[in-house]
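Enquirer: Protein sequences appear in the order of chains A and B. Remember, our numbering sits 180 above the position in the first sequence when you count from 1. Remember, our numbering sits 116 above the position in the second sequence when you count from 1.
No lab work stands behind these hints, which were simulated from the structure alone. Possibly wrong hints are sitting among the right ones.
Which residues of chain A face chain B? A few of them, derived with a C-beta cut under 7 Å, are [claimed, not checked]:
| id | residue |
| --- | --- |
| 1 | His600 |
| 2 | Thr604 |
| 3 | Thr607 |
In silico DSSO-like pairs for lysine-lysine, Cα to Cα no more than 27 Å straight-line [as the list claims (entries may be wrong)]:
| id | chain 1 | residue 1 | chain 2 | residue 2 |
| --- | --- | --- | --- | --- |
| 4 | A | Lys653 | B | Lys207 |
| 5 | A | Lys763 | A | Lys721 |
| 6 | A | Lys629 | B | Lys138 |
Built from N, CA and C at the ideal position, the CB exists for glycine as well.
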Amino acid sequence: MSIRARIFAVIGAVVAAAFVQTFAILVLEGQRKATNEAMDRALSRYENQSQVMQLVVELDSVLRAHLMTGQPALRDEYERLWNLYDRTITLLPQYLEEPAAKKEAAGLDAAIRDWHRNVSLVLITQRPTVPDMPQLLEQMNTPRMHQIRGMLYAFQTRERNRLTDQRNSANYQYLIMALVTLAIPALSIVMLLILVAILARILLDPLAAVAESARQISGGNFDVVLPPASSHDEIGALVRAFRDMSTAVQRRQRDLTEGLAREREMSQMNAALRTKAEHEHARLQATVATVPAALVILEAPSNRVVLQNKAADVLVGREPDGDLAARQAYWRNFQATYRDGTPCADDDWGTARALRGDVTVGQELIVKHPNGRTIPILISAAPLRDEAGAITGAVAAFQDITNLYEVDRLKNEFVSVVSHELRTPLTSIKGSLQLLLAEVPLPDPDHRKLMDVALSNTDRLVRIINDILDISKIEAGKLALTPRPCDVQDLIRQSIQSVEQIANGSTVTLALVVAPGVPKVLADPDRTIQAIVNLLSNALKYAPARSEVTVDVRPEPANFVTLAITDRGRGIAPEKIGQLFQKFQQIDGADTRQFRGTGLGLAITKALVETQGGSVGVRSEVGQGSTFTLTIPVARQ
Amino acid sequence: MKVLLAEDEPDVQLIARLSLKKAGLEVATVNNGIEALARVAVERPDVILLDWMMPDMDGFETCTRLKADPATRDIPVIFLTAKVQESEVAKALALGAAGCIGKPFDALTLGAQVIHILGK
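In isolation and in its complexed conformation, chain A is listed as follows (with noise of 0.2 Å):
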């Protein structure tokens, strides 16, 4: 039952209540009625027969009266009595429910009218007549009206006993009456007083019990008991939806208990990763400080400096001074070329590169500031990532290679001044070999070998003198081509020429095959004419006797021409073909004495082809040959 039904039932037995009183009032105000009229008639019985009783007695004394005085005023007193009297005890039976009393007045009624008849009318009417009037009366009323009076004053005496009995009677109703009167309100406010308890019980109690609930969850305390709830009432309702909350509170609490649990294991671990971090950083700050090379750190993707050692203060030329923003600036006012003396765009620095996700290694920049002050530098820098694997900054390595560029130098003035030297004894010693075989006959074939010898070894100092200043001039970037248009045919002629002797010694012959549409190409023509003696000159040496050298002039691929030139040689191993165009390299150290060659041919023409725009490749399959093939970009029109 809900709440409202309830209450409505309260009001409901309030009301009952106060109908109840009303009909309990109503029956009593009956009731009192009823005791009211009870009592009147009783006291109208008791009025009535006392009126009998003092008519009698005052008849009796007005019949006495008369009969001793004989006044008639008397006697008309005595009829009015009597008339009186007659009305009087004709009104009496009616207030007397009890039959017995009604017997017994009936029969004090007959009493009196006996002596009324018998006494009081004989006595009247001889009165003239009797001569000792007292004696008579004393004869014959005195008796009977003693007897009389007797009765009556037994039924008067029972009848106040009556009366008194019916006026307690009736007091006790009036009592109780008074008392119920009294009793029903108050039973009536005791009736509400429970119910409004009970109301109050089943509506406070359970209101305290979740407000109590509340104060304890409010306290932490989850551990409550709710009181029952019925499914039927608001209260109900509110008490499940209190066990709810509390539920929900209680798991909210537990949650945030894990939570704040957890966070305080998370900050203490970021606690202990902070240490870590910090550890690592300095760390971190030690080695750079103490690295020799000159480091610098950068922030993405402002390019800003953010760490430098002193090695990168030095390198710069600063002192080493705190001040991070004029170091910043300083940076800034560097300005990069390359070493041939290109400009390098701020971009393209290894550390702008860097900070574009680019690793690079040994960039080499010559960098010069307003000041002046000019160092070639090497540059390497990486990518600093984070988690994320963005991009939070770089770190650079800076090495100044003033030194090397200097040793560089000093090697190729070296190379240069011996080589120069070199060449001008070589010069006189090869004038005079040929100029001796020139003029001395030799008729021992021997002494003809001999200074063939001679002569043959002085062209191959010569060689090598000018391999080693080739490969010197390519190493310092000093190779200096003047490529222009040239037919690839003239080229190639020009370079067979210059193979004759080798050729003209051996079987070996030279094809070439030159296919059709080939258009002039870009070229340095002594430069290419010495790559291409250099593949000849090994093609005809590893080509075995009676086999052939074939060149092969293709227009291709796009804008470049492709010479292939193909022995059918021994071949060539694949794990050497790696190196083949390394500097120094020989298939086998035996045939460097064997073809005379210096180890640098195929280094040179690599860096001659690859200088112009051109490319190197060889194909090779052991026991069937190889192909050295060699493309020049194509004069553009």
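Once you have looked at the hints, place chain B on chain A.
Expert: Then chain B, alone, in the frame of chain A:
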């Protein structure tokens, strides 16, 4: 044909001289650029062979002076270079040299080379 050879190495002088003689050319030799200029003033050659590296005055400066002097401007100059630097050849040609012959040269064909260059 008269050839003036400026070369500081005596051995090379000998070789060159003999070689050119074989080719039928008359050779006068000096040791450096200063002597060359002096000699040119005395006896005008048909061609001057200049070594690149010489003490006191090198080939480059000598040629510059020769070409600066209207009296000697027209005399063809051929450089003998060790061809150490490509730039030598370029410089030489820029100066107005008729050609370069690299060292070590072919002693048997030196004369022919000179004539060939002059013929161009």
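Enquirer: Take the hints in turn and mark each one as holding or not.
Expert: Here is how each hint holds up against the structure:
{"no.": "1", "hint": "His600", "in the structure": "holds, 4 Å"}
{"no.": "2", "hint": "Thr604", "in the structure": "holds, 5 Å"}
{"no.": "3", "hint": "Thr607", "in the structure": "holds, 4 Å"}
{"no.": "4", "hint": "A:Lys653 with B:Lys207", "in the structure": "holds, 17 Å"}
{"no.": "5", "hint": "A:Lys763 with A:Lys721", "in the structure": "holds, 19 Å"}
{"no.": "6", "hint": "A:Lys629 with B:Lys138", "in the structure": "holds, 23 Å"}
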